Amino acid sequence: GQSLEQPSEVTAVEGAIVQINCTYQTSGFYGLSWYQQHDGGAPTFLSYNGLDGLEETGRFSSFLSRSDSYGYLLLQELQMKDSASYFCAVPRGGKLIFGQGTELSVKP
Amino acid sequence: DTAVSQTPKYLVTQMGNDKSIKCEQNLGHDTMYWYKQDSKKFLKIMFSYNNKELIINETVPNRFSPKSPDKAHLNLHINSLELGDSAVYFCASSEAGTSVNEQFFGPGTRLTVL
Numbered sequence: 020g021q022s023l024e025q026p027s028e029v030t031a032v033e034g035a036i037v038q039i040n041c042t043y044q045t046s047g048f049y050g051l052s053w054y055q056q057h058d059g060g061a062p063t064f065l066s067y068n069g070l071d072g073l074e075e076t077g078r079f080s081s082f083l084s085r086s087d088s089y090g091y092l093l094l095q096e097l098q099m100k101d102s103a104s105y106f107c108a109v110p111r112g113g114k115l116i117f118g119q120g121t122e123l124s125v126k127p
Numbered sequence: 465d466t467a468v469s470q471t472p473k474y475l476v477t478q479m480g481n482d483k484s485i486k487c488e489q490n491l492g493h494d495t496m497y498w499y500k501q502d503s504k505k506f507l508k509i510m511f512s513y514n515n516k517e518l519i520i521n522e523t524v525p526n527r528f529s530p531k532s533p534d535k536a537h538l539n540l541h542i543n544s545l546e547l548g549d550s551a552v553y554f555c556a557s558s559e560a561g562t563s564v565n566e567q568f569f570g571p572g573t574r575l576t577v578l
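Chain order of the listed sequences is A and B.
Per my numbering, the first sequence starts with residue 20, numbered consecutively.
Per my numbering, the second sequence starts with residue 465, numbered consecutively.
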């Protein structure tokens with residue numbers, strides 16, 4: 020089966036750095052994806068880690084440790100527009116299994 | 465140009481009615497999906513089609529019937545709507561095979577059943 024755990028809420032201030040963790044229990048692991056969803060909007064793809072290590076895309080980075088069944092999304096230089104829900108997801112049998120999402124609130 | 469579009473954006477209807485949601489993608493992708501997102505934002509796969517063929521059906525009640533007339537379109541018809549069907553329904557697409565990780569979502573259809 021598949022199980023992904025994320026914190027339900029995280030709060031941070033503008034300009035700060037925040038890390039959103041995701042631990043997973045899944046058979047046949049094939050990588051970890053991250054999606055962002057603003058209120059009332061659609062999920063949008065942020066990043067994918069197929070191998071261990073850090074992937075950087077601008078202010079956002081994503082990390083994976085397969086031996087620890089753990090990954091995280093790192094958001095730097097937080098902006099108000101980063102307030103959104105963030106979902107980790109794993110592929111399984113031609114589909115994505117999503118975590119419950121982490122609601123990030125960025126305060127001034 | 466919109467990559468994945470859905471209509472309608474909002475749908476309010478009475479219990480027992482039948483309704484349809486349409487989805488189109490202009491990305492040239494082979495695979496399309498329907499997801500249901502509940503009030504707690506849990507995003508769950510319902511169906512997946514690859515080049516017009518159903519490949520995933522996630523124990524969805526048979527009141528839900530997807531149809532893919534061609535690989536750019538995936539529609540969802542719901543019969544005998546129930547209160548519990550109220551949710552946001554997202555269509556998505558991806559390139560075939562291993563590109564399941566990067567999916568492109570439509571804007572969603574917020575369905576409210578009264």
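Simulated from the structure, these hints should not be mistaken for laboratory data.
A portion of the hints provided could be inaccurate.
As the list claims (entries may be wrong) - Pair by pair, the computed Cβ-Cβ distance ranges are:
1) 548/B <-> 49/A: 42 to 52 angstroms
2) 566/B <-> 59/A: 20 to 30 angstroms
3) 95/A <-> 479/B: 29 to 39 angstroms
As the list claims (entries may be wrong) - Residues from chain B shown here face chain A by an in silico Cβ test under 8 angstroms; the list is partial:
4) 474
5) 502
6) 507
7) 509
8) 518
9) 520
10) 525
11) 528
12) 571
Unchecked claim - Cross-link-like lysine-lysine pairs, in silico, DSBU-like; alpha carbons within 35 angstroms at most:
13) 505/B <-> 531/B
14) 486/B <-> 531/B
15) 504/B <-> 483/B
16) 126/A <-> 508/B
17) 473/B <-> 126/A
18) 473/B <-> 531/B
19) 516/B <-> 126/A
20) 126/A <-> 505/B
21) 516/B <-> 473/B
22) 483/B <-> 500/B
23) 100/A <-> 500/B
24) 473/B <-> 486/B
25) 500/B <-> 516/B
26) 535/B <-> 504/B
27) 126/A <-> 483/B
28) 504/B <-> 486/B
29) 535/B <-> 126/A
30) 486/B <-> 100/A
31) 531/B <-> 500/B
32) 100/A <-> 473/B
33) 504/B <-> 100/A
34) 531/B <-> 126/A
Computed from a predicted model, the values in this text were never measured in an experiment.
Using N, Cα and C, we set each Cβ at its ideal position, and we do this for glycine too.
Right, here's what the structure says about each hint:
Residue 548/B and residue 49/A have their C-beta atoms about 32 angstroms apart, which leaves the hinted 42 to 52 angstroms range violated. Between residue 566/B and residue 59/A the Cβ separation comes to about 22 angstroms, which falls inside the hinted range of 20 to 30 angstroms. Residue 95/A and residue 479/B have their C-beta atoms about 48 angstroms apart, which leaves the hinted 29 to 39 angstroms range violated. Against a cut-off of 8 angstroms between C-beta atoms, the interface hint on residue 474/B is violated, since the closest Cβ of chain A lies about 11 angstroms away.
At about 11 angstroms, the closest approach between the beta carbon of residue 502/B and any beta carbon in chain A exceeds 8 angstroms, and the interface hint on this residue is violated. Checking residue 507/B against chain A by beta carbon gives a least distance of about 4 angstroms; that is within 8 angstroms, so the hint holds. At about 5 angstroms, the closest approach between the beta carbon of residue 509/B and any beta carbon in chain A falls short of 8 angstroms, and the interface hint on this residue holds. At about 11 angstroms, the closest approach between the beta carbon of residue 518/B and any beta carbon in chain A exceeds 8 angstroms, and the interface hint on this residue is violated.
A distance limit of 8 angstroms between C-beta atoms decides the matter here; for residue 520/B the minimum to chain A is near 5 angstroms, and the interface restraint holds. For residue 525/B, the suggested interface contact is broken, since its CB lies about 18 angstroms from the closest CB of chain A, more than 8 angstroms. At about 16 angstroms, the closest approach between the beta carbon of residue 528/B and any beta carbon in chain A exceeds 8 angstroms, and the interface hint on this residue is violated. Checking residue 571/B against chain A by beta carbon gives a least distance of about 5 angstroms; that is within 8 angstroms, so the hint holds.
This hinted pair checks out: residue 505/B and residue 531/B have alpha carbons roughly 25 angstroms apart, not beyond 35 angstroms. Proposed proximity of residue 486/B and residue 531/B is supported: the alpha carbons are some 10 angstroms apart, at most 35 angstroms. Of the pairs offered as hints, the one joining residue 504/B and residue 483/B holds, with about 23 angstroms between alpha carbons and a cut-off of 35 angstroms not exceeded. For the hint linking residue 126/A to residue 508/B, the alpha-carbon distance of about 30 angstroms falls within 35 angstroms, and the restraint holds.
Between the alpha carbons of residue 473/B and residue 126/A the distance comes to roughly 30 angstroms, so the proposed pair stays at or under 35 angstroms and holds. Between residue 473/B and residue 531/B the alpha-carbon distance is near 19 angstroms, which keeps this suggested pair within the 35 angstroms criterion. With a C-alpha separation of about 45 angstroms, the suggested pair residue 516/B and residue 126/A falls outside the 35 angstroms cut-off, and the hint is violated. With a C-alpha separation of about 22 angstroms, the suggested pair residue 126/A and residue 505/B falls inside the 35 angstroms cut-off, and the hint holds.
About 24 angstroms separates the Cα atoms of residue 516/B and residue 473/B, which keeps this hinted pair within 35 angstroms; it holds. Between the alpha carbons of residue 483/B and residue 500/B the distance comes to roughly 15 angstroms, so the proposed pair stays at or under 35 angstroms and holds. A distance of roughly 25 angstroms separates the Cα atoms of residue 100/A and residue 500/B; the hinted pair therefore holds under the 35 angstroms criterion. A C-alpha spacing of about 10 angstroms is found between residue 473/B and residue 486/B, which places the hinted pair at or below 35 angstroms, so the restraint holds.
With a CA separation close to 20 angstroms, the supplied pair residue 500/B and residue 516/B stays within the 35 angstroms bound. Of the supplied pair hints, the one linking residue 535/B and residue 504/B holds, its CA atoms being roughly 31 angstroms apart against a limit of 35 angstroms. For the suggested pair residue 126/A and residue 483/B, the alpha carbons sit about 41 angstroms apart, so the restraint of at most 35 angstroms is broken. At roughly 24 angstroms between alpha-carbon atoms, residue 504/B and residue 486/B fall within 35 angstroms of each other, so this suggested pair holds.
Restraint check for residue 535/B and residue 126/A: not satisfied, since their Cα atoms lie roughly 43 angstroms apart, outside the 35 angstroms limit. This hinted pair checks out: residue 486/B and residue 100/A have alpha carbons roughly 30 angstroms apart, not beyond 35 angstroms. Taking the CA atoms of residue 531/B and residue 500/B, the gap is about 16 angstroms. The hint holds against a cut of 35 angstroms. Simply put, residue 100/A and residue 473/B have alpha-carbon atoms about 23 angstroms apart, close enough for the 35 angstroms limit, and the pair holds.
A hinted pair counts as satisfied when its Cα atoms are at most 35 angstroms apart, and residue 504/B with residue 100/A qualifies at roughly 21 angstroms. A distance of roughly 44 angstroms separates the Cα atoms of residue 531/B and residue 126/A; the hinted pair therefore is violated under the 35 angstroms criterion.
Of the numbered hints stated above, those contradicted by the structure are hints 1, 3, 4, 5, 8, 10, 11, 19, 27, 29 and 34, listed in ascending order.
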